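Let the hints inform the model, and build the full structure from the sequences given.
Number of protein chains: 4
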Amino acid sequence: MDVAILGATGLVGQMFVRLLENHPWFKIERLVASERSKGKKYKDIAEWPSGDIGEMEVEGLGDFLKDPDVDLVFSALPSSIAGEVEEKLAEKTPVFSNASSHRYEEDVPIIVPEVNGDQLKLIEVQQEQRGWEGFIVTNPNCSTAILVLSLKVLSEFELKKVNVVTMQAISGAGFKGLSALQIFDNVIPYIGKEEWKIENESRKILGLDFEISAVTTRVPVSHGHTEAVFVELGQDTTVEELRRAFESFDPLRDLKLPSYAKPIVYKEIPQPKLHRELGKGMSVTVGKLGKINEKMFKYVILGHNLVRGAAGGSILNAELTYRKKVI
Amino acid sequence: MDVAILGATGLVGQMFVRLLENHPWFKIERLVASERSKGKKYKDIAEWPSGDIGEMEVEGLGDFLKDPDVDLVFSALPSSIAGEVEEKLAEKTPVFSNASSHRYEEDVPIIVPEVNGDQLKLIEVQQEQRGWEGFIVTNPNCSTAILVLSLKVLSEFELKKVNVVTMQAISGAGFKGLSALQIFDNVIPYIGKEEWKIENESRKILGLDFEISAVTTRVPVSHGHTEAVFVELGQDTTVEELRRAFESFDPLRDLKLPSYAKPIVYKEIPQPKLHRELGKGMSVTVGKLGKINEKMFKYVILGHNLVRGAAGGSILNAELTYRKKVI
Amino acid sequence: MDVAILGATGLVGQMFVRLLENHPWFKIERLVASERSKGKKYKDIAEWPSGDIGEMEVEGLGDFLKDPDVDLVFSALPSSIAGEVEEKLAEKTPVFSNASSHRYEEDVPIIVPEVNGDQLKLIEVQQEQRGWEGFIVTNPNCSTAILVLSLKVLSEFELKKVNVVTMQAISGAGFKGLSALQIFDNVIPYIGKEEWKIENESRKILGLDFEISAVTTRVPVSHGHTEAVFVELGQDTTVEELRRAFESFDPLRDLKLPSYAKPIVYKEIPQPKLHRELGKGMSVTVGKLGKINEKMFKYVILGHNLVRGAAGGSILNAELTYRKKVI
Amino acid sequence: MDVAILGATGLVGQMFVRLLENHPWFKIERLVASERSKGKKYKDIAEWPSGDIGEMEVEGLGDFLKDPDVDLVFSALPSSIAGEVEEKLAEKTPVFSNASSHRYEEDVPIIVPEVNGDQLKLIEVQQEQRGWEGFIVTNPNCSTAILVLSLKVLSEFELKKVNVVTMQAISGAGFKGLSALQIFDNVIPYIGKEEWKIENESRKILGLDFEISAVTTRVPVSHGHTEAVFVELGQDTTVEELRRAFESFDPLRDLKLPSYAKPIVYKEIPQPKLHRELGKGMSVTVGKLGKINEKMFKYVILGHNLVRGAAGGSILNAELTYRKKVI
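Chains as they are written, first to last, in full-length UniProt numbering: chain A, 1 to 327; chain B, 1 to 327; chain C, 1 to 327; chain D, 1 to 327.
These are computed hints drawn from the structure, not numbers from a lab. Check before you lean on any hint, since a few could be wrong.
You can't tell identical chains apart in this list, so a pair holds if it fits in one copy or across any two.
[Stated by the list, open to error] Below, in silico cross-link-like pairs of lysine-lysine (DSS-like), each with a Cα-Cα straight-line distance of 30 Å or less:
hint : residue 1 : residue 2
1    : K38       : K176
2    : K121      : K161
3    : K176      : K160
4    : K88       : K43
5    : K267      : K280
6    : K267      : K38
7    : K193      : K273
8    : K160      : K324
9    : K92       : K256
10   : K121      : K38
11   : K193      : K298
12   : K121      : K160
13   : K273      : K40
14   : K121      : K324
All figures in this text were calculated on a predicted structure; none of them were measured in a lab.
Dropping the structure here:
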């Protein structure tokens, strides 16, 4: 299938390119970016080196929209322009979007395959209601994508309340998002709208109405979001039982998706520097699991914000959709 | 009053020196360290430059103990040796200790002047029970010293449950505590015994039996511990009322202690790089105060781990003790 | 004397404010910045906290130029606009500028007081030629300001050839100059025009025509430029003699200038973290002095790029000018 | 061929393991470390995760020496013990050593295959003189290994004088070599004996007696040494000609060595973060080439200190030796 990547020169866009470079199902046919990059070779504007794709010429978004003839679109557009562009494309073409623009619409699913792959059925509703041949499927915000994998496991024990503190990497803010003097030797406990996104996206993805509250911070780490979680369950359980549940969680194992990796790996002391690349960035790491009382537990989880938390998650969504023959 | 600083060459010891260099009440008479440093000039082993004190000669601990003739001892000894040494000294001399060795003994107070200065009355009990002329007063672990200032304010609203995640600075582990390759580009969610200390010291200092659970992490920040806190109160209140309570908290104002600073400063987005030096490191900064529901709130607090969290806290304890004429 | 600071909200502008806050001769009367900052309180746009000055209102540059009634102007304007603005102001008012716009004009001196204070005599030439009542005096580029202090000393031994490699701090690029992902875990051996500036400004300031070549790099350090220097002299000498020459260099000692500090301090291993604040940022540190052969030596020098290398240097220029009764 | 890795748990030792894990000629049979690690699984003591090798048990050095039955030894031992151990092993076995212990002995070659592969002929001399069946071949110090690749190219233009400033990565000091507080926000212009090593090893490897002087510094970069070089040549040339010479340098191209990569890559602005992994860490990057005058040039070079500068260089030495049928 021929695919286009929108916003191909941003950090998430570049990660889409890296992950799709040798993909067995999807072939990068078009690299689309802002007018500023139009006509340039990809290797001359991408920070990360790459192979053959580096020789491809980047198109302006305007030109692409005049003739968007591909089988599939991956969108890493900024939210400010993703809304309109993606809707237009979805009239004819499947769009897998990392933007937040459509996430909160009722007929647009936010998918994490291991958690709520069944909500791909919303595609049909969406096509009917909107009269589209294509559709929009979103993946969640990066912190949520990581967190909900663990919450899905915990939901077997009746999820009642979640308090989460994130320690998010610099790359989550984009290439120029944070100046060195701002974040160097610092922790910044403010990321715009992030708390709201974590709280609301988690509930939508899990389809459950539990209490959840987040404090989000930026730390001087290049890649990999770490999250410390306190959770209250409805059922008594033990650290051992929870650990087993985390380790045995593997709903996609038999689907043979190209981007598949074991979703959760357990390590005593999860650390971004050591574990963010596990499963090529698609595995999250859980650890420091502790019991507070019969029904309250704490743990730490981390994952690669640009892979599992963005481009990789979106590609896994497309793979699942393809496998289920929706496309 | 003539004072000795034990463990004068470590990070906390050096902070004691800096803070006492021009102190109006306490005069550094003796600098005591391990045998390795014995006989050297202070300026040749201290990382931080300093003035006249740099010319003083460092004594070995063994020599000091043979003739510990000072009015007051500040101890920045490692816990492994502080236990025995401090007990011996306390037979004759007041000891203000940053070590954890005696913190959990019933007749030894852990003091944060703004929170539980009244517990200095334990000194009398301690002297009677142990037959000492001197005594031991401790200050809490660095994360606790910062946190309890806010919990004291919240206790006016009936403290029921606290979940706290710390993001602690490198200097909390001592000068050689963390190698650059370990913590560079990393978050390490493990600090030995720290969670236990925070939970138990907080309850002892406040004299309250509330639920408290901590996850402690190390982040690549030089100085300043940041803590994200979720708290459940027994009484309904509002963000505005809590903020006012934080800002008006100032129990020591009228005591004219030399190290006094307003204990809590409110900033929208507290950050170690911008705020750790407020009040010369003695003020903690609270911010990001938010309401989760009627009785649940969240906020961020930070403070200088070597000043308010260690040497500065210990000196304030000595000042309060002196002001109250216990010494 | 009433002074205005132009470009008061940038990093150099803020350093001017800090250094002038309690200055005995100069009083900050006007804070001038771009239209964007106009009308705001200084404390609401400056990254660094400050005292009373924080309450002052910032003026737009346009408004200021309509009525620039002060005794002295310090300019931290970007070069792109400094040229024209400073010329206009200099018709009536002394301007001490950190911008590069006028540095290379024949009748504008680049002053480092300890090196070429006598070139203040160019002011008279400038006023005559241009028909101005005021004048423009510049300070050099930050790396040069640090380097030439040592080259002045070496010129006593006949300076023949200099090879210098700079390792420059992030703050030299301004608050937003470098994104965290660019410089984090990196060395970037490119700083636009910097090599040319070092080579040409050094020769102009010293008034000597020696060979000099620079390689300039950016390193992940917040403040403090470090420079490694190879130098060929015309006379034989020894490490000991050179060290004595560095340490005894102190031409301003008797002038009682408020910003005076010993210009050169010798330390075995100069390091930005330990030594950038020496002399309140006005002293540079020389060390690692070694002999290659009879006439070739190497050494390391470092200094605070925002103080000695920018605002502090400019203020020292104004103090010297005032002391010499030019103003 | 069955190989043993001595010092397998240090940073260089771990890099040997990584690079040999799927090597077509060499099979890791024995992992040898200090007594402290004896009997542990490799994965439990190595910071870097690895595959099957992680299950191997680590031997103590004492046990290994009793029965060192392998075809080849790679030594990443600390210099303090490498001297004696390597000599004993070399009686029977080829030893490729990253330690400096034997580098300066006349009959022990320091090899960089692209530069002086022909000096492998010293092996025969060594065996004869010492009565050994095995031998010792060393690779240079990390900074030298990178630098000499460029000096070899420049020697075609008659090398007269070199001034080099290194900006070396933290990992060059070993896992615990630098504490975070030492190097964080700092440049440290001191690395024990490094200047001497660069100067003397470069001359020995090139077999030329040119003037060379180094200043060595440590910078807060995880991996990748950057070096700024000033060079005086005996022949006139141009930047273009030098660049062509760098780019066309490729003496090993036709030997089909498993670790082969193009030795020198040219990039306008070489940076450790972007280029240290080129050629899987075996390529060095040259750039910022500039002309000072007819015969003086400057450039920047960087390479991966643990790969080209240590384990990778040593493995390439073994491959070349094997290809030339010395083993």
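Status of each hint after checking the structure:
In the homo-oligomer, the alpha carbons of K38 and K176 lie at most 30 Å apart both inside one protomer (20 Å) and across protomers (26 Å), since each shortest distance falls under that limit. Only within a single protomer do K121 and K161 lie at most 30 Å apart by alpha-carbon distance; the minimum there is 28 Å, versus 41 Å between protomers. For the homomeric pair K176 and K160, neither the shortest alpha-carbon distance inside one copy (38 Å) nor that between copies (43 Å) is at most 30 Å. For the identical chains of this complex, K88 and K43 are intra-copy neighbours only, at 29 Å inside a copy versus 46 Å across copies, given an alpha-carbon limit of 30 Å.
Proximity of K267 to K280 under the C-alpha cut-off of 30 Å is found in both arrangements, the shortest distances being 16 Å within a copy and 28 Å between copies. For a Cα distance limit of 30 Å, the shortest separation of K267 from K38 across copies, 23 Å, qualifies, whereas the shortest one inside one copy, 45 Å, does not. For a Cα distance limit of 30 Å, the shortest separation of K193 from K273 qualifies both inside one copy, at 26 Å, and across copies, at 23 Å. In this assembly of identical chains, K160 and K324 lie within 30 Å of each other by CA distance neither inside one copy nor across copies; the values are 32 Å within and 49 Å between.
Only within a single protomer do K92 and K256 lie at most 30 Å apart by alpha-carbon distance; the minimum there is 28 Å, versus 51 Å between protomers. For the homomeric pair K121 and K38, neither the shortest alpha-carbon distance inside one copy (37 Å) nor that between copies (54 Å) is at most 30 Å. In this assembly of identical chains, the alpha carbons of K193 and K298 lie at most 30 Å apart whether taken from the same copy (24 Å) or from different copies (16 Å). Taking identical chains as interchangeable, the C-alpha atoms of K121 and K160 lie at most 30 Å apart only when both belong to the same chain, with a minimum of 27 Å there against 44 Å between chains.
In this assembly of identical chains, the alpha carbons of K273 and K40 lie at most 30 Å apart only when taken from different copies (23 Å versus 34 Å within one copy). For the identical chains of this complex, K121 and K324 are intra-copy neighbours only, at 10 Å inside a copy versus 64 Å across copies, given an alpha-carbon limit of 30 Å.
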